[in-house]
Amino acid sequence: MSNPPPVIEVTDLKKHFPIRKGLLRRLVGHVHAVDGVSFSIGQAETIAVVGESGCGKSTVGRTILRLIQPTAGTIKVNGTDITTLSRHEMRPYRRQMQIVFQDPFASLNPRMRADDIVGEPLMVHGIANKKERAEQVAELFVRVGLRPQQARNFPHEFSGGQRQRISIARALALNPKFIVADEPVSALDVSIQAQVLNLMVRLQRSEGLSYLFISHNLAVVEHIAHRVAVMYLGRIVEFADTADLFANPQHPYTEALLAAIPVPDPAMKRTRHIMQGDVPSPINPPLGCHFHPRCPIATERCRVEVPLLKPGADGRMVACHLR
Amino acid sequence: MGSYLIRRILLMLLTLFGVSVLIFTLLRLVPGNIADILFDAAGMIDPVEKQKIIRELGLDQPLVVQYMQWISGLLRGDLGFSYISEKPTIDEIAPRIPITASLAAMALTLSVITGVPLGVISAVRQNTKLDYALRVFSLSGLSLPSFWLGLLILMGFVHWFGTIPIYDRNNTPLEQLAFMLVPAMAVGYRASALIMRLTRSSMLEVLRQDYIRTARSKGVSDTGVNYDHALRNAVVPVITIIGIEAAFLIGGLIVTETVFNIPGVARFLVEAIRMRDYPIVQNLVMFIAFSVVTINLLVDLAYSLIDPRIRITD
Amino acid sequence: MDQQVNTQDVLKVNGLTTYFFTRRGVVKAVDDVSFTVRAGETLAIVGESGCGKSITALSLMRLIPSPPGRTIAGTVMLDGTDLLQLSEPKMRQMRGNKISMIFQEPMTALNPLLTIGRQVAETLILHQNMSRQAAQARAVEMLKFVKIPEAEQRAREYPHQLSGGMRQRAMIAMALACNPRVLICDEPTTALDVTIQAQILELIVELQRNFGTAVILITHDLGVVAETAHRVIVMYAGRKVEEASAEELFHRPLHPYMNGLLGSIPRVGLTKRATASEHVALQEIPGIVPALNDLPIGCAFAPRCPNAGDKCRAAIPPFEEKLPGHFAACWHSDVGAKVPT
Amino acid sequence: QKSGGTLRVTHRDNPPSASIHEEATISTVMPFASVYNNLVQFDLSTDRQNRLETVSPELATAWSWSEDGRRLSMKLRAGVRWHDGMPFTSADVKCTWEQLIGQRDIGLRKNPRRSWYFNLKSVEASGPQDVTFILAEPQPSFLVLLAGGMSPVYPCHVNGAQMRTHPIGTGPFRFGELKQNESMRVVRNPDYWKPGKPFLDAIEFTIIANRSTSVLAFGAGKFDLTLTGDLPPSMVDEVRAQAPSTICEVQTTNTQANLLINRDRPPFDNAEIRRALNLVIDRNAFIEIIGRGQFLIGAAMMPPPSGLWGMPAEDLASVEGYGTDMATRRAQAQGIMRKLGYGPDKPLRLKVSTRNIPAYRDPAVLLIDHIKHAYLEADLEPIDTGAWYVRMLKKDYQVGLNVQGIGIDDPDVVFFENFACGSERNYTAYCNKDMEALFHRQSQMIDFAARRKLVWEIDRKLQEDGARPVISHQRQGTCWWPYVKSIRLSSNSIYNHWRFEDVWLDR
Amino acid sequence: MSVTVPLDHNAELRRAGAFAHGFFGQARFLARRYPLGAAGAIILIFFILCGIFAEWVAPMDPLTTNAKYSLAAPSARNWMGADMMGRDEFSRIVHGARISLMVAISATGLGAIFGVSIGLASGYIGGWFDLVFQRVVDVLQSLPLLVMALVITAALGPSLENTIIAIALPLIPSVSRVIRSNTLSLREMPFVEAAQAAGMSEWRIAIRHVLPNTLAPLIVLATAQLGSTILTEASLSFLGLGVPEPHPSWGRMLSESAAEYVRTAPWLVIFPGLAISLIVFGTNLLGDAMRDLLDPRQRS
Ligand SMILES: Nc1ncnc2c1ncn2[C@@H]1O[C@H](COP(=O)(O)OP(=O)(O)OP(=O)(O)O)[C@@H](O)[C@H]1O
Ligand SMILES: Nc1ncnc2c1ncn2[C@@H]1O[C@H](COP(=O)(O)OP(=O)(O)OP(=O)(O)O)[C@@H](O)[C@H]1O
Ligand SMILES: [Mg+2]
Ligand SMILES: [Mg+2]
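Protein chains in written order, with the working numbering: chain Y, 1 to 323; chain W, 1 to 314; chain C, 1 to 341; chain E, 1 to 507; chain G, 1 to 300.
By construction, these hints were calculated from the structure, which means they are not laboratory data. Mixed in with the good hints, there may be bad ones.
Okay, the calculated bits of chain E under chain W, using three or more residues with CB under 8 Å as the criterion [to be verified]:
hint : segment
1    : 106 to 115
2    : 159 to 168
3    : 181 to 189
4    : 209 to 219
5    : 388 to 398
No residue lacks a Cβ here, since even glycine has one placed at the ideal position from N, Cα and C.
Produce the entire structure from the sequences given, and follow the hints as far as they go.
Right, here's the structure in full:
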């Protein structure tokens, strides 16, 4: 991954949402949704982002796509900085990056037909005429495992898994190099989930796609990701190869997270160490290490000093004073 | 809370400023002016006299100056003089306000005490005969033009009692109240219907909520579910409608005061518009707008009392 | 009756059938479902979304929205009383008292305008004839019981002031306030974060141990099932297709649906791959769940089943004991009975 | 006769002010006439028709004309006091009429009857009780003008603004209060110079804008008397149906519906089209529909027998457009229009403008329907009251339908107000020097019969000129309950008898 | 609720509308499901047909006066009597349907078009545009609708077009408020974000993705407004503004001049009032059903 520039490179990305209150929309504070995140994604690589609800996973994805404007940091696509490109300048890059959302119901316009949904990106980018477009759409349908006969149906006539396939087909329409998959299977049934995951893996192999795979399902993450970033309150606390992370978590939060996953095998029933307490609010995150109020091994230092994400043994990155 | 109020009040002032500009401009767009109307009654026009009057009333000044004069007067509490009666505007408006206000209050009270319970009953008995009957009743209230309803009521009075209620300032307060009841019902019917409809749909909406199912799963009786759990939640949106309806009522009162010949501000406003009596119209409109925004503020405050989710802090 | 309690079944459901009569036809949401729960036991109901798990639970509580729903057959014996035959007021005395329920969405399942304390106390007032003060005090105790910190303070707060985990705890406090015989948990953790989910599950297990309550746990997370359930029933398209103890089921699923399900879930630590970049494809169950208003004639799973034959497409397989204590409804259960690897 | 009680009267709208000299509407005259006195007034006890012969003393006890008929000297009543206690003198009379002819400004804003006094040169006060009107030419009708209800004497020491809002007079009632759009009230003047009068304690006028409400209220006994001349014949029927015992009189109100035709602008600069328009109007339909058969057909002057000066019916019938045979008239009109190139398929489109109140709108609607027969397709343009007179004055209309009130049934009033060059109320700006000479001639004639003949002639010429075609003379009703005694109405005016000093309640 | 005899499935299904097929089948089912709404639709369709085919339905010309039939009582010739001018009341009411509906539909349509444009722009552009617009809406909403309409007609002068404008203008804020809040929530929808991710212009997103999804609430709102527009027109006409003579507007027919015949010619008061009430009643019934049908939150 050294020679060609990474498909996506994010450096010190920050996104602080202003909180406005009242009728005069006065600024009363910020949600520190993403608070200094750096990573890169290589060709045909899947990076997973895991973490609890509200820790900023989706925000990272959206910011990379410039669907929301980052507060600070840079985003590079194939080595080009796109952080400050105008809407117009963004257009060519839009074709390289796409997104698939969690909610298969809300992510398709209920008033458009499936083929229009899939074909629309082609149209707005002026790719192909009407006839070619129809062909391409049909091909996309086949590629994601949908029957082209259903092309004229409305989204509500599809099942959740099929809808997710339409979403993927739409994302693939522009032949992107990189897809942000924001919890693409969380809303799906287990039996359907496998279909979608397999499809994603297949596509990655055949098209060399890179994924930013956002999820809170660690099992799925382990299955699909090459590397995993564990986020907590807007920061990456641990970043490692999947196998390493699952085999030997370094950060206490990662440990707790892994411990909390129920394993679908009664034979493996174990006494778990369950982390207590709630996730703090990202509006006023705890000082120092964000995790210290819930951390079983926190020390005085954790309360005051922000631990940096530093490379540890075997190239893993951990943000903990103690590990 | 304090600073919230201050901000709300600032916003109210902004709105009122907008209203003042709007009404001032609209009125100046109206063809014809007070001088012509004054002459009209005499059926003659004397250009020299007309100029004199226009000058006397300051209507020859540039509009901006006129506007500034009005607003600065308003801020000093000086509402100017009616063009028609030449009496201070305040003396013309002030005595009429209690009449309209009490009529509106009465109509609103009537509509709330009928609308809310009927709405609840209609929702609880959804799709029964009773529900259909109540819905037809409420939709009728929204469909009958209030002036027609007023006329029919008057016809009924003549037919059955051989008399009609006439507003008389010399009545005792009790008689006055009794008199007001009829027009209050005529306008209140519409408001009642609206409130009932809203209560019904709000109630139905609430009854579908998960927490209602939770209550049922605890073994709460239907009555408990309906009145203890649902109604409380259902009235929240109804309160807004009461605020909005208060503004609407003034519209209804214009025709009702005309039909029942009640010397309130609503009818007075129409007369004043007709007569281009700008000082009256402008100040009265400002008063109405002021009442409406104040009511809205009160509604919002009431909201926060009823619904703990709405916090009025900082 | 009292002696039966500990040794015998608390809740016996037999032939429960609930249909929805809709514009699209009869939705057979729950079709001839039978099961038993013993005191102190956790029975899990698993199955795909829309297969009738919640409706089964609501049928037990007699809270089916009607119209369009109707429970048209079956018995629900709670300590020897058929709930389905009770008058509505009698049934009300059961709800929240002998049988209570926790719902999926802790965000919406609490009345936003009432304090937590009051909502917990309400159950006590309704069923235990407590005075308001006594109930309030007991409610605070219950909140402490479910490990809500600063319970006195929280009792006076409104639902929106609590986090999701706290709310679910409050729900549990409410459901357990009268020490019911049966507690139905309808996906109690799905809406929660993993770490919180673990806390809640642990809490339920712990309370069950203390109270000896029979728990019906509805979920589609097989991990949760594996960690908490004693026995499991698997539902598919409104019908029960398999029932066994948890160990048995995970070890030797007999129904091809369950078999496929186990094969299709990625598991932490079990994913095998040659290199970091090479995935082993998950086992897929092709197709989708049939619509409940338009079920195939035979086995509902037949269209997706790799083993399906003509018989499967012609007749609904009987639900029978294939191995000791292991029931399934499949014409080919011998084929399905291989351990997934 | 009994004293005491409050007379309750219905009223239709807000009087523009309480100052009679500044207004020309019954809305002001009826409620406030009782506050004032005139110099002279019409006596109704001998004759229901207001005319020179019935003029009788009020504040002037006696009067005499000079030899040349150019000086009218009057002896004023002594010991009369204004309501504020000031004595009434000849200075007040001088003041009032000097204001009316523009020689003095006591703060009146409007002077609608300026044209009445075209002939008054000055007023002399030779002593506190002696006053002389000096005229340019002899004018027998001058006394008639002074006797009208719209000629009260104003106090010289009170300014216009007060007269509009809180008038001071010498009359039997004092101003009580005026609540805009609500009510007016006058109360007994205990120091009235006519001993023993008035009988009533107070009179209260309640404004009820909706006429049906007001009729219902009157019929229900909430009121004793209706605003005079306010009830159209249809409403009188209504009252009679509701309360058969009430007394209702329908009288000529001295208001006429007439057409303002803009002869300076196409298409009505063409005299032929004006003729066609005049021919096709079915005056009888107006009488029948709007007047419920009670309105009168006439020319500019009020027709007999109510009126004194109107043409006899047979004379009138010979004026073009007054013939009874509608079919022929329509054929004639269609012939004219065809010749000009119009027809059923090519109608002439135009606008009929009128004031946006029912009394104007109803006849206008009828008019539009009638003129369709002459291929004139008209739209109605209702003009807001505030803009109506200005539009007329600017001649910004094609055809206007106007309803015009005339204060006194007298040719001087009618001719000089409406047809004299430069008069403010001459909306059509009709200006014919020859006719104007005739107006002056009739005004100076002492002999009644000869004068009336000349008036008829003038009237016929005005109609034939199409100066302002008259459609109908209105008659409207006044109703009161039988226990209201001594209400007397004249046959040719609604304005002149509202002193209320003789009225009493028999309850 | 307790288990009883086996159910007759077909009867239950028929009740639920399972056998409603085709347009008429569906219509029949909807009519049975929403009997009040169906009644409303029938009333409204009836009046619309009256308005469209007024020339054929009405036995007489509504403008032709006739002294002979002035204030004629209902009879074989004049089914609903005749007004003072001798014009046939029934014919006038039939033609009045056209005027009333024209005013109501155009005003609602106009209000909806502007309301939607402004609401969409405000919700979509946000920022200062939204802020300014919100304040303008505050201003417009702090005055009663009728007062606004009165001042506007007074300013513009009475005519058919001006009446429409005067009624449409005060409608704009309420429409745009609904559309705005809808737009705001739609803007957050993933499918809008997906469109943005595909590089679509904001314009296209607003028109293709947001607008069509605001249609349902708009239809609900517009049907609900239709009735109140008719009433506003009637009130304006009653107060002497509004649609001018000789157009047979119901409100004006009821207004001052007709109101004078409460006793002698009550049919002049009763029939136009009935017509107004009935048509507004119809639109309200329909509006309610529309809301039930289109607004999923209201569905039971
Ligand atoms: N547009 C926004 N305005 C303000 N705050 C926002 C906005 N979008 C997200 N946030 C806040 O930013 C934080 C991070 O949100 P984000 O959606 O990235 O979390 P997430 O990790 O994806 O959570 P989940 O697992 O629930 O999807 C949250 O606290 C959220 O409330
Ligand atoms: N009110 C209703 N009207 C019609 N059908 C209904 C209704 N409620 C539920 N159903 C149907 O009943 C079936 C069973 O629903 P249920 O809620 O029991 O599913 P579930 O197994 O709990 O699914 P999930 O895992 O999504 O909660 C579904 O197919 C659903 O479509
Ligand atoms: Mg997210
Ligand atoms: Mg469920």
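So which hints don't hold here, by number, going up? none
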